[in-house]
Amino acid sequence: MKSEEEIFNILKENFNDDVKELVKQPVDRYILCDPIKINDISLFLLSNKELLFDSLMNLSGVDDANGKSKATESITTIEGGTLSVYYHLESTKFRHKVVLRVSTPREKPEAASVALVWRSADWHEREAFDLLGINFLNHPDLRRILMPYDWEAGYPLRKDYANPEFYHGMKVPY
Amino acid sequence: MSFLDTQFNDNIIIAKVDDLFNWARLSSLWQVGFGLACCAIEMMATSASHYDFDRFGVIPRPSPRQSDIIIISGTVTLKMALRVKRLYEQMPDPKYVISMGSCSNCGGPYWEHGYHVLKGVDRVIPVDVYVPGCPPRPEALLEGLMKLQEKVRNESMIKKSA
Numbered sequence: 001m002k003s004e005e006e007i008f009n010i011l012k013e014n015f016n017d018d019v020k021e022l023v024k025q026p027v028d029r030y031i032l033c034d035p036i037k038i039n040d041i042s043l044f045l046l047s048n049k050e051l052l053f054d055s056l057m058n059l060s061g062v063d064d065a066n067g068k069s070k071a072t073e074s075i076t077t078i079e080g081g082t083l084s085v086y087y088h089l090e091s092t093k094f095r096h097k098v099v100l101r102v103s104t105p106r107e108k109p110e111a112a113s114v115a116l117v118w119r120s121a122d123w124h125e126r127e128a129f130d131l132l133g134i135n136f137l138n139h140p141d142l143r144r145i146l147m148p149y150d151w152e153a154g155y156p157l158r159k160d161y162a163n164p165e166f167y168h169g170m171k172v173p174y
Numbered sequence: 001m002s003f004l005d006t007q008f009n010d011n012i013i014i015a016k017v018d019d020l021f022n023w024a025r026l027s028s029l030w031q032v033g034f035g036l037a038c039c040a041i042e043m044m045a046t047s048a049s050h051y052d053f054d055r056f057g058v059i060p061r062p063s064p065r066q067s068d069i070i071i072i073s074g075t076v077t078l079k080m081a082l083r084v085k086r087l088y089e090q091m092p093d094p095k096y097v098i099s100m101g102s103c104s105n106c107g108g109p110y111w112e113h114g115y116h117v118l119k120g121v122d123r124v125i126p127v128d129v130y131v132p133g134c135p136p137r138p139e140a141l142l143e144g145l146m147k148l149q150e151k152v153r154n155e156s157m158i159k160k161s162a
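Order-wise, the sequence lines are chains A and B.
According to the working numbering, the first sequence is numbered sequentially starting from 1.
According to the working numbering, the second sequence is numbered sequentially starting from 1.
No lab work stands behind these hints: they were computed from the structure.
Treat the hints with caution; some may be incorrect.
[Claimed, not checked] Straight-line C-alpha distance at most 27 angstroms; calculated DSS-like pairs for lysine-lysine:
hint : chain 1 : residue 1 : chain 2 : residue 2
1    : A       : K159      : B       : K79
2    : B       : K85       : A       : K171
3    : A       : K49       : A       : K93
4    : A       : K24       : A       : K49
5    : A       : K171      : B       : K95
6    : A       : K171      : B       : K79
7    : B       : K85       : B       : K95
This is chain A alone, in the form it adopts within the complex:
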């Protein structure tokens, strides 16, 4: 069983600048990583004999809403800032856990897919794509998973999302 510092140091030795820092906070301290290299880092975490992170417990997208928000009369838009993806990992053999985070610019949110490392990431990434619009590169089947396939009003869990007036002739607002 390894502590977060030990795991971070192992990653830092192997990936240098692609692993940025261990962010310390009271709960769920996380390791900030590069969004394009996250699949390599994941494969390393899975296959390294000392780490063996064989379980992706959760993968979730987050709108950090840290850009400039502009409010007009009816709608609020956010420019700049980041969207993030959090990865909660566990090794069922060693019983250690770690949290990874990648941040990607709001205007062009892209992160490498880890669906080929942990198969459970497949639908989680589709969900993050569906609700936040994060584009997972090299995902085997990146389609919307919850919203209708023909949904064109944007990504509902973004903080500046506005409901459309109509969908297929049905009024959407209350």
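Use these hints to put chain B onto chain A, whose structure you have.
Frame of chain A, contents of chain B only:
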């Protein structure tokens, strides 16, 4: 032999066509075997032996083409609304709709922030009876069904009902 069988042998019963048809219709309201969310669990409980929907002639049918009523039991998402509408359109006339629970009545807890929820199934199909509750108890659903039977009982083939 029941009591009625022994009383009326070789008799003719005269009734209005409206009354006969309405009586037949309201006594065998077959429902589409269809549920959406937690209300559907309550609807299934109503169908089961304790509350026994079948004593009102309500039995679930596997096809909308054999059904008379559709109970919208649960949250109608925008994605599902199109399917609900198609199910309704496939049912033969006369057809009735019971909207069960707050979600299908008006959006329920999703009325403001539910980006995916249709705020009331009556935006897609016409509803005959609204049953309030979250979810309604089986007694409430039975009450709703009896209200619908009351409506069917007062229909006329000549006069178009509202």
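Quiz item: Checking against the hints above, which ones are violated?
Solution: none
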